[in-house]
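Visitor: Assemble the whole structure, with the sequences as input and the hints as a guide.
There are 2 protein chains.
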Amino acid sequence: MDIEKLKQKNLELTKKKVKESVSDDQLIINTINTIEELDKTLNSLSMRLRDWFSLINPETEHQLQDNEILLKVIVEDELQKSEMGAVLKKQDKEQIIKLAANLKNLFEYKNSLEVYLEEVQERHIPNIQDITGTLIAAKLLREAKSLRKLATLQSGTIQLFGAEKALFRHIKTGARPPKYGFLLNHIIVQNSKEKGKTARALADKISICARLDYFKGERLGTKYFEELKEKWKK
Amino acid sequence: MDIEKLKQKNLELTKKKVKESVSDDQLIINTINTIEELDKTLNSLSMRLRDWFSLINPETEHQLQDNEILLKVIVEDELQKSEMGAVLKKQDKEQIIKLAANLKNLFEYKNSLEVYLEEVQERHIPNIQDITGTLIAAKLLREAKSLRKLATLQSGTIQLFGAEKALFRHIKTGARPPKYGFLLNHIIVQNSKEKGKTARALADKISICARLDYFKGERLGTKYFEELKEKWKK
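Line by line, the protein sequences give chains U and Z.
Read in my numbering, the first sequence has 191 at position 191, and its numbers run on one by one without any break.
Read in my numbering, the second sequence has 120 at position 120, and its numbers run on one by one without any break.
Hints should not be assumed to be uniformly reliable.
Note that identical chains are pooled: a pair holds if it fits in a single copy or bridges any two copies.
[Unchecked claim] In the DSSO-like style, the derived pairs of lysine-lysine whose C-alpha atoms are separated by at most 30 angstroms in a straight line are:
id, residue 1, residue 2
1, K233, K195
2, K197, K145
3, K40, K165
4, K89, K195
In short, the hints are calculated from the structure, not lab data.
No experiment lies behind these values; they were computed from the predicted model shown.
Guide: Rendered as structure tokens:
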């Protein structure tokens, strides 16, 4: 086999590997990154839309706290001015309605992306998703970088995912060590009086779920969730 | 006139004042704020889109430096995978194409908003816009908060708009004082070897333009622009 052939073969193998390297892990990580970016975007552009809206309808801007409802009002009412609202030219209004329409599309896209994330996770990490919910599952996976790695981690590591800043502060300054990161947002931890202990117990179960998912084992996530919920209710 | 009537009259006057208080100043300030927010948004969401695109076409992602061109390729080619690209399911691709479509709309909206800004400034601050260009004019107005205030400022203040951080550093630590803020982005300052002096001369003319616009004077912005360009060319 001459050198040229060897090179050719090598190149083909590399291309094949690159092609196959895209996994559900990467799809999930890309999706949660995009969702988080959209969240930031929607917040900051909604603030700008509120600036505009309060010129035209200063009375009700603060009553419409929810951004999605504000958008609906603007798009459907076509920016009817209120008693105290400014009289704007048609071309001025057009720009504001266009902003609202774009934001509405982005909201819808974000919602569809969350449904999509749930679907990918249903096939890749069903047990983890059952016990943590869609968004926390994705954040844990992103932190570990892959399901393979997540399945090999100690539960104490999983418990502290998302608390890296506080952990380093603890190591450097001797401040109190953190008890939870992303898991603080979990409904069971939220509702518990002993948040640290609950996060610990939850992380234990997540660690088992990660192994079940990696080795394509049974579907026990929901059972674990119910057990934890019963044990740590207020 | 009894108290009730006085109250009523007072309320009416206040409402009238609020209604009339929306001026071209505010339209311009809202528009430049929205444009800047869109710039940030488009950059960060384009980064996320690149993450996706490089899964499917790792060979050409880095060749498409311009985000608008990248979008065009994705939307028109419907994400044809390259030789080394990953094979994605239809539903995976759909999400990516939706992101690209949303971004394309946002780019178009941003462009239309710049045209709109130019129109409002054409009626409100034509001389300033002629000498500084659309975006710098809006930033200077925003900094001053209104044309009325901009017309009363010394040119030295206008010269340093956008350089507040450096100015405070100078005052606190005695570091070298700044020579320009937003004006550094002006084409004539960019092309000049003596940027400080050029910014100074430009600020002088902007200050005159602000007064011309405020008092609805002659249209001299373009003449000043040409004079400066001639004087400070390399």
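Visitor: With reference to the structure, classify each hint as holding or not holding.
Guide: How the hints compare with the structure:
{"no.": "1", "hint": "K233 to K195", "in the structure": "within (11 angstroms within a copy, 67 angstroms between copies)"}
{"no.": "2", "hint": "K197 to K145", "in the structure": "within (26 angstroms within a copy, 53 angstroms between copies)"}
{"no.": "3", "hint": "K40 to K165", "in the structure": "both (20 angstroms within a copy, 25 angstroms between copies)"}
{"no.": "4", "hint": "K89 to K195", "in the structure": "neither (55 angstroms within a copy, 40 angstroms between copies)"}
Comparing the model with each earlier hint shows a violation of hint 4 alone; every other hint is respected.
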